[in-house]
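2 protein chains.
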Amino acid sequence: MRQTNLSESHLSEFESAIAVERQSESTFTAELDGDWSVAGAVNGGYLLSVIAQTLRGNSSNAPDPMVLSTYYLGPSQGGRADITTRTIREGRSSATFAVDLTQDEEPKITALATMGNLAALPDDVATTATPPELPEPDQCINVAEGPGDFLKSAPLVKRYDMRLDPETAGFAAGRPSGRGLLQGWIRLADGTEPDALSLLAFLDAFPPVMFDLGRFNWAPTMELTAHLRAVPAPGWIRAKLSTRNIAGGMFEEDCELWDSAGRLVAQSRQLARQPRG
Amino acid sequence: MRQTNLSESHLSEFESAIAVERQSESTFTAELDGDWSVAGAVNGGYLLSVIAQTLRGNSSNAPDPMVLSTYYLGPSQGGRADITTRTIREGRSSATFAVDLTQDEEPKITALATMGNLAALPDDVATTATPPELPEPDQCINVAEGPGDFLKSAPLVKRYDMRLDPETAGFAAGRPSGRGLLQGWIRLADGTEPDALSLLAFLDAFPPVMFDLGRFNWAPTMELTAHLRAVPAPGWIRAKLSTRNIAGGMFEEDCELWDSAGRLVAQSRQLARQPRG
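From first to last, the protein sequence lines stand for chains A and B.
Quick note, in numbering that gives the first Met the number 0, the first sequence goes up one by one and the last residue is 276.
Quick note, in numbering that gives the first Met the number 0, the second sequence goes up one by one and the last residue is 276.
The shape of chain A in the complex, shown without the other chains (with noise of 0.2 Å):
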């Protein structure tokens, strides 16, 4: 059984892609999408979002993931996925649950999620931080306008609009910055406005924020760990990715999703493995 009552013929290309299907109380199966890869592998953020889908399954009253934990233990393909779940504990408006997701039979998800309500949170903002300042998405580079070969090894790409400052993609013109720090744009190309899951997704869709430091391979991550704290309004999404921490063949890369109205709704911590080369 879909978990929508829409027929597929209906659902954009996010949803379609992100669609699982329930085979028991606590098991689903997906059907991973290959066009959401990077590098040979299904993107990280895309599979934050399966993730997230196959939860609201099991959580009428809590729809959206206040805080999502996901260790990535190998890369994952298109194709065939088997999701379990485990409800750990269910509160009045909140729920906790853990996630295996396998490729035959092979781990390549373990995750931990409270899942919530976003739109009946209190709406006090006393929040510090201020949103990235940009030029307007049209003075930014499309990403979707990069070199073949990236954008053949990166077929994820097309699946967004994404705009980077040229403040901050000295690195598409061999120049970076050396401060490890990217900054832009986002949306989704199929053109639905932004919602809990697409931000899920939109937090691990930007090139690794080491290309601002010279290092151009992509950099598998161990574990992202995201925090959603508001329901997105309509339109572009603004984008600051930051690493401060680069020892020991690893480093921690943090994302910043502002919506239009300039509230910060999204914040994720991911611990990843250098790139090598």
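Since the hints were made in silico from the structure, they are not lab data.
Take these hints with a grain of salt, some might be off.
Okay, the calculated bits of chain B under chain A, using three or more residues with CB under 8 Å as the criterion [as the list claims (entries may be wrong)]:
no., stretch
1, 11-19
2, 60-69
3, 74-80
4, 107-116
5, 236-247
Every residue gets a Cβ at the ideal spot worked out from N, C-alpha and C, and that includes glycine.
Position chain B relative to chain A; hints supplied.
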């Protein structure tokens, strides 16, 4: 069977407090120590150390948590805790585990961790972050000399030697800065040098950063993810706590720990509920 060859009398206060006993391949018990409590609940940082100590018993060639994500499901109390571990993936030099901790069959903590060997990491460092500038510890404010009712509600404070930078301790004199920043020094009160397990405890030992925003209640943590990045050098640890996104009844708290050799040895981010009143 104790997980150490030392008799109990050779254990430091901290080692005794976080000791676990193995009951079977995947089950353990701990006697949580109420002296590590704040506001009637066992401290979340102390619990991180108990979780990591448990996993050491499962993972001899990977003794250190590289990354540990902990979801707090309800307040823990001094007394017996039952801990169950599940091996998710064992690699050559790292292993990923799930952990559940219950008291009286009530779930208190669920966690994921990837264990490795910090001492075996490559020694490259390209970190752009800089350590917090602090006055010497004897020029800072000793948290253990705070008001009597504060200390009575927080026996945890006496387990550490914690010194707050006067620049960020205005809250203690009723003048919080509003920046959302606390900085200071920390070491174990029992005099033992820092290691991977005490770093975990330090990450959640300081007063909540919300104190610097004039919100003085203790704030329950929903989730905390810690990255350990190097074995700490002996001596004082510098800590920097900050928050930037206070909204929707929640806030994030970031903690950085720097060792005496100037290395960023641990980073954490937690999502916590805002104190009321």
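Could you tell me which of the numbered hints above are not met by this structure, giving the numbers in increasing order?
1, 3
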